[in-house]
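Number of protein chains: 2
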Amino acid sequence: MENISNVFITDCKQSHYLKPLRIHYTQNGKQKIWDVMKVHNSVAVLVYNVSRDVLVFVKQFRPAVYYCSVQKEVSRDDGRETIDTGKFPASHGITYELCAGIIDKDMSFQETAQAEVLEECGYKVPLEKFQRITSFRAGVGTTGALQELYYVEVTDDERVGKGGGIMEEGELIDVVEVPVDQGKNLLMDETIQKPAAFLFALMWFYENIRKASK
Amino acid sequence: MENISNVFITDCKQSHYLKPLRIHYTQNGKQKIWDVMKVHNSVAVLVYNVSRDVLVFVKQFRPAVYYCSVQKEVSRDDGRETIDTGKFPASHGITYELCAGIIDKDMSFQETAQAEVLEECGYKVPLEKFQRITSFRAGVGTTGALQELYYVEVTDDERVGKGGGIMEEGELIDVVEVPVDQGKNLLMDETIQKPAAFLFALMWFYENIRKASK
Numbered sequence: 001m002e003n004i005s006n007v008f009i010t011d012c013k014q015s016h017y018l019k020p021l022r023i024h025y026t027q028n029g030k031q032k033i034w035d036v037m038k039v040h041n042s043v044a045v046l047v048y049n050v051s052r053d054v055l056v057f058v059k060q061f062r063p064a065v066y067y068c069s070v071q072k073e074v075s076r077d078d079g080r081e082t083i084d085t086g087k088f089p090a091s092h093g094i095t096y097e098l099c100a101g102i103i104d105k106d107m108s109f110q111e112t113a114q115a116e117v118l119e120e121c122g123y124k125v126p127l128e129k130f131q132r133i134t135s136f137r138a139g140v141g142t143t144g145a146l147q148e149l150y151y152v153e154v155t156d157d158e159r160v161g162k163g164g165g166i167m168e169e170g171e172l173i174d175v176v177e178v179p180v181d182q183g184k185n186l187l188m189d190e191t192i193q194k195p196a197a198f199l200f201a202l203m204w205f206y207e208n209i210r211k212a213s214k
Numbered sequence: 001m002e003n004i005s006n007v008f009i010t011d012c013k014q015s016h017y018l019k020p021l022r023i024h025y026t027q028n029g030k031q032k033i034w035d036v037m038k039v040h041n042s043v044a045v046l047v048y049n050v051s052r053d054v055l056v057f058v059k060q061f062r063p064a065v066y067y068c069s070v071q072k073e074v075s076r077d078d079g080r081e082t083i084d085t086g087k088f089p090a091s092h093g094i095t096y097e098l099c100a101g102i103i104d105k106d107m108s109f110q111e112t113a114q115a116e117v118l119e120e121c122g123y124k125v126p127l128e129k130f131q132r133i134t135s136f137r138a139g140v141g142t143t144g145a146l147q148e149l150y151y152v153e154v155t156d157d158e159r160v161g162k163g164g165g166i167m168e169e170g171e172l173i174d175v176v177e178v179p180v181d182q183g184k185n186l187l188m189d190e191t192i193q194k195p196a197a198f199l200f201a202l203m204w205f206y207e208n209i210r211k212a213s214k
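Heads up: the protein sequence lines correspond to chains A and B, in order. FYI, the numbering for the first sequence is 1 to 214, going by full-length UniProt numbering. FYI, the numbering for the second sequence is 1 to 214, going by full-length UniProt numbering.
Honestly, the hints are just simulated from the structure, not real lab data. Heads up, a few of these hints could be off.
Given that identical chains are not distinguished, each listed pair holds provided it fits within a single copy or across any two copies.
Using 25 angstroms as the maximum straight-line C-alpha spacing, the simulated SDA-like pairs for lysine to any residue come out as follows [stated by the list, open to error]:
1) K184 <-> D77
2) K211 <-> S5
3) K30 <-> G86
4) K72 <-> F205
5) K87 <-> L21
6) K211 <-> A90
7) K30 <-> G163
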């Protein structure tokens, strides 16, 4: 996963994935515009393997995180930006995340949660085991999509594959297991990059699940 | 703030604010591309008014959240999308957030936190009172910017203005005070829209500050 090379950045006149839209509106009599990105709603799942008392996360290389981490070091030459991966290795773009996925098929949030836990982590788990925690906005400035958060307890018997994402879609994901007695250390460990939802889910777990079971 | 009308959406061929970039890279010998948005790093601050035992948040209309909430109801006519604000009032786009701001001037995260607490909430607070909690990624897919999270205790004596953001920049922000004994209810109250960082900061407060002081 961390074998990254030949990184360069170009303008992107038209993206198949990112489509800016302009919202025009009148607020208190004043005309305004705001540019937004249309993105999909999504689901994230906190996975707890009760057989071995480990939390199950996913780890991957995120180009956007890598670029933000090293953008001051970008060198411009011949009209394109390049990044020296010798000096700035892929680790700058590696994140720890909850198992997650976008809602882009005709499936509910809960069904998507089930599918992602199978694809990314390799556990085949009945739908009714997925417990909805809450929802929030994955962004509020340029994107405003909803993310629903689920919790699921899995067992070793439910592991039917290695996970890792869908190769054909270019996904390259490592499954990471963190013993429950060490998970709380992740909260303030800034050597590991993670989204805010990861932090919230982890706190929720230690407040509601781990504390309750002690 | 909630007086919103004349909402319509157009394509946005070139945005001053949103600039898609294409990252080209080779991962495990396979060439890939990923489109990202260049965005600023930012800071968010959990503000606790100890004089009256209230948490201080900001509330605003977020066009991206509004659009995501109602996009299934958009009607297409004459090549443009319109939203009926009679049927779908501004409340669909109102969020509760931590006081926050982007790092776009020659100021540190902590200095930006200080400036935002004054601009948005009206409290003039010495720099050394801002306590850094941790940092995380505000996005991992299309954006990957860093957000640093701070905590500050303020008093009524430090309130020198009404806050509300900078009018000239079009900001229209309400300051919201939530009594500490009611704040925990916000966590699972999905009638109030908020980002994941808001949820994490709130849990952190009740785990580390409120519990400790009892």
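### Task
Sort out which numbered hints this structure fails and list those numbers smallest first.
When the structure is compared with the hints, numbers 1, 2, 4, 6 turn out to be violated.
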